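Spelled out from the first residue to the last, the chains are:
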Amino acid sequence: MSVIALGPYKFAPRDQVKNFHGNILVNFCWDRHVLVTAPFAVALPPTMTLREAIMARIAPSIAFHPDARKIDWNTVQWEKDHKPWQPDLDKSLAENKVGHKDYLVFITPELKGLNNTGL
Amino acid sequence: MDMKVAKKKLGIKERYGHMTRGLGWEPTYQPADAVFPYDKYEGIKIHDWDKWVDPFRLTMDAYWKYQGEKDRKLYAVIEAFAQNNGHLNITDARYLSAIKLFWQGVSPLENYVVQGFARAGRHFRGEASRVACQMQAVDELRHYQTQAHSISNYNKYYNGFHSQRHMWDRVWYLSVPKSFGEDALTAGPFEFLIAISFSFEYVLTNLLFVPFMSGAAYNGDMSTVTFGFSAQSDESRHMTLGIEAIKFLLEQDPANVPIVQGWIDKWFWRGSKVLALVGMMMDYMLPKRVMSWKEAWEIYAEENGGALFRDLARYGIRPPKGWADACEAKDHISHQVWLLFYEYGGAAAFHTWSLTNEELDWLSAKYPDSFDKYYRPRLEFLRDKHARGERVYQSTLPTLCTTCQIPLCFTEPGDPTKISHRETVYEDEKYVFCSVHCQEIFCNEPEKFVQSWLPVNQIYQGNCFNPDVDPTAPDFDPLKAVLEYFKYNLGRDNGEFEGSEDQRNFAMWRGQASKN
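Note that the protein sequences, when read in sequence, are chains A and B.
With the numbering used here applied, the first sequence corresponds to residues 1 to 119, in that order.
With the numbering used here applied, the second sequence corresponds to residues 1 to 516, in that order.
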């Protein structure tokens with residue numbers, strides 16, 4: 001379906017990658033740790049490795065969660081596009097085929113959250 | 001011989017006829033479709049505009065008289081409130097955060113509704129509908145003005161009330177009501193009517209006005225109570241207009257039914273998301289609580305709304321698609337939104353705080369199925385951290401829903417520890433949503449929502465800094481620069497309530513009023 005309008009109705013998407021000064025926007029969600037109230041959106045150079053991105057932007061943002069320091073990033077499970085995904089942390093975002101506005105979920109099944117209830 | 005002739009007085013019905021249809025005319029040198037270019041393209045078919053009747057049969061002359069009387073009373077109370085330092089009679093300075101959020105995020109929406117009804121009041125073909133829309137436009141303008149006049153008294157003493165117009169177009173959480181209003185304003189006049197008059201005014205407005213105004217009364221805010229009462233009779237007229245409007249559309253042509261149903265699905269969901277802010281006010285921001293958000297939802301949405309949709313079933317209208325999910329969320333959304341604002345409290349132009357044990361117990365009792373398991377542990381954890389001097393302030397920006405623009409803080413229906421998210425790729429661009437319903441709204445009108453001005457994404461595009469800022473400077477602090485662009489007075493408008501200037505001043509002034 002499309003917008004019902006009297007005339008042509010076509011506009012450029014506002015969040016195209018060319019507007020981000022060489023960065024891509026990447027979303028990170030820590031699965032079943034809702035003490036961190038919402039996933040993060042961060043702008044990152046696609047040449048940055050996934051590990052650098054995590055250490056620079058994600059790890060400090062979740063550090064207040066008591067499970068955060070127990071994360072072994074080498075064994076974390078990932079989902080992208082709602083499907084299991086196996087990135088190489090030491091390769092760049094581009095090499096890992098992380099695209100603009102992708103939504104990455106990192107899963108730590110052995111860490112059960114606050115009170116072991118997924119918080 | 002002189003004959004005494006009784007002066008004939010017009011009955012209400014005749015008077016209404018003269019003051020509505022009697023004011024219209026048939027255009028002669030332009031075709032009617034050129035005079036009214038916007039009331040057909042949405043696909044709504046109207047065969048007889050004269051079937052539109054305002055049940056109040058209110059005419060402009062009577063309207064001015066009633067509103068003038070109400071204004072005189074209202075302004076007398078506002079004046080007395082200001083002269084008697086009425087602001088010191090509120091329960092606690094924490095209450096002010098609710099008024100700040102109302103002023104920042106709800107009052108400007110009144111102005112959008114003015115614009116929408118002024119437009120509908122020009123573009124509908126039927127005179128009676130035009131008159132009703134014009135009156136509602138004036139009502140909404142009056143609501144904005146009376147809110148401004150009542151709340152300006154708080155602005156003399158407390159932080160966060162300044163720069164409302166500036167913040168509305170920029171601040172991240174205000175993009176939620178702003179995008180709601182702009183979505184409605186940029187729709188055709190019939191969709192606007194279903195969005196505002198029906199879905200918002202009729203189905204949802206009681207959730208905003210009744211608990212909010214009772215909350216003001218419970219918390220000693222006579223100023224807000226008075227503008228609430230002054231608006232209340234207008235609101236009941238707006239609700240009636242909403243129900244009459246939808247019945248009129250549905251009775252005019254069976255082809256209107258699926259179009260109207262689509263708008264109900266969309267606008268009920270959008271409205272329920274905006275009202276999550278009200279849920280947070282009720283459960284967390286009122287020092288004296290009236291009822292829980294869940295109770296309000298059960299009375300005003302489930303009971304009243306349920307009866308409404310049973311009544312509309314004879315036209316072929318079913319409850320909105322998101323109904324079951326919105327009802328399931330009554331146990332969760334107020335807590336999820338408060339926790340979001342608490343953690344992002346450094347970036348909000350009102351205060352957040354830790355709840356006392358009595359307040360936590362109240363929520364435990366009101367939310368037996370969700371609070372102790374999912375929310376109390378989080379609130380206690382954050383309170384303990386604050387007590388240890390480690391108040392949590394999140395500074396990494398959250399992912400926003402492309403449609404409702406709320407950060408993705410809501411969980412999957414039936415799974416309160418799983419953040420709900422959906423994705424759609426449209427013309428090679430990816431879009432993220434908070435729910436299947438927001439995703440569906442996008443997919444029905446993707447060209448509209450590809451334009452969404454998402455504050456987080458705009459910040460990363462560099463569009464939310466003051467012009468003199470140098471993002472390449474070594475000491476550049478992007479979050480601080482953004483908050484300055486929002487015109488926050490840093491450290492006064494935002495952050496923790498405990499230790500805030502509002503808290504100190506209120507305690508000091510109230511102390512002066514009651515002690516030597």
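If you are wondering where the hints come from, they were derived from the structure by calculation, not from laboratory data.
Because the structure is a prediction, the values reported are computed rather than measured.
Among the hints, erroneous ones may be present.
[What the hints assert, rightly or not] Below, a list of computed lysine-lysine pairs in the DSSO-like style, where the Cα atoms sit at most 30 Å apart: (1) B:Lys480 <-> B:Lys385; (2) A:Lys97 <-> B:Lys70; (3) A:Lys112 <-> B:Lys247; (4) A:Lys70 <-> B:Lys70; (5) B:Lys70 <-> B:Lys9; (6) A:Lys80 <-> B:Lys448; (7) A:Lys80 <-> B:Lys9; (8) B:Lys430 <-> A:Lys18; (9) A:Lys112 <-> B:Lys480; (10) A:Lys97 <-> B:Lys366; (11) B:Lys40 <-> A:Lys80; (12) A:Lys83 <-> B:Lys430; (13) A:Lys91 <-> B:Lys430.
[What the hints assert, rightly or not] Covered stretches of chain A, as calculated for chain B (at least 3 residues, CB under 8 Å): (14) 5-18; (15) 22-32; (16) 44-57; (17) 85-97.
The C-beta atom is built at its ideal place from N, Cα and C for all residues, glycine as well.
Verification of the supplied hints:
1. B:Lys480 <-> B:Lys385: 23 Å, holds
2. A:Lys97 <-> B:Lys70: Answer violated: Lys97 of chain A to Lys70 of chain B is near 63 Å, above 30 Å.
3. A:Lys112 <-> B:Lys247: The hint is violated at about 52 Å.
4. A:Lys70 <-> B:Lys70: 63 Å, violated
5. B:Lys70 <-> B:Lys9: Holds, at roughly 26 Å.
6. A:Lys80 <-> B:Lys448: 26 Å, holds
7. A:Lys80 <-> B:Lys9: Violated. Lys80 of chain A to Lys9 of chain B sits at ~74 Å, over the 30 Å cutoff.
8. B:Lys430 <-> A:Lys18: Holds, at about 14 Å.
9. A:Lys112 <-> B:Lys480: 34 Å, violated
10. A:Lys97 <-> B:Lys366: Not satisfied, since the Cα-Cα distance of roughly 47 Å exceeds 30 Å.
11. B:Lys40 <-> A:Lys80: With a Cα-Cα distance of about 44 Å, the restraint between Lys40 of chain B and Lys80 of chain A is violated, given a limit of 30 Å.
12. A:Lys83 <-> B:Lys430: The hint holds at about 16 Å.
13. A:Lys91 <-> B:Lys430: Since the Cα atoms of Lys91 of chain A and Lys430 of chain B sit roughly 23 Å apart, the hinted pair holds (cutoff 30 Å).
14. 5-18: As far as the stretch 5-18 of chain A goes, the hint holds, because 10 residues have Cβ atoms under 8 Å from chain B.
15. 22-32: It holds: at least three residues are needed, and the stretch 22-32 of chain A offers 6 whose Cβ sits within less than 8 Å of chain B.
16. 44-57: With 1 residues closer than 8 Å to chain B, the stretch 44-57 of chain A misses the three-residue bar; violated.
17. 85-97: violated (count 0)
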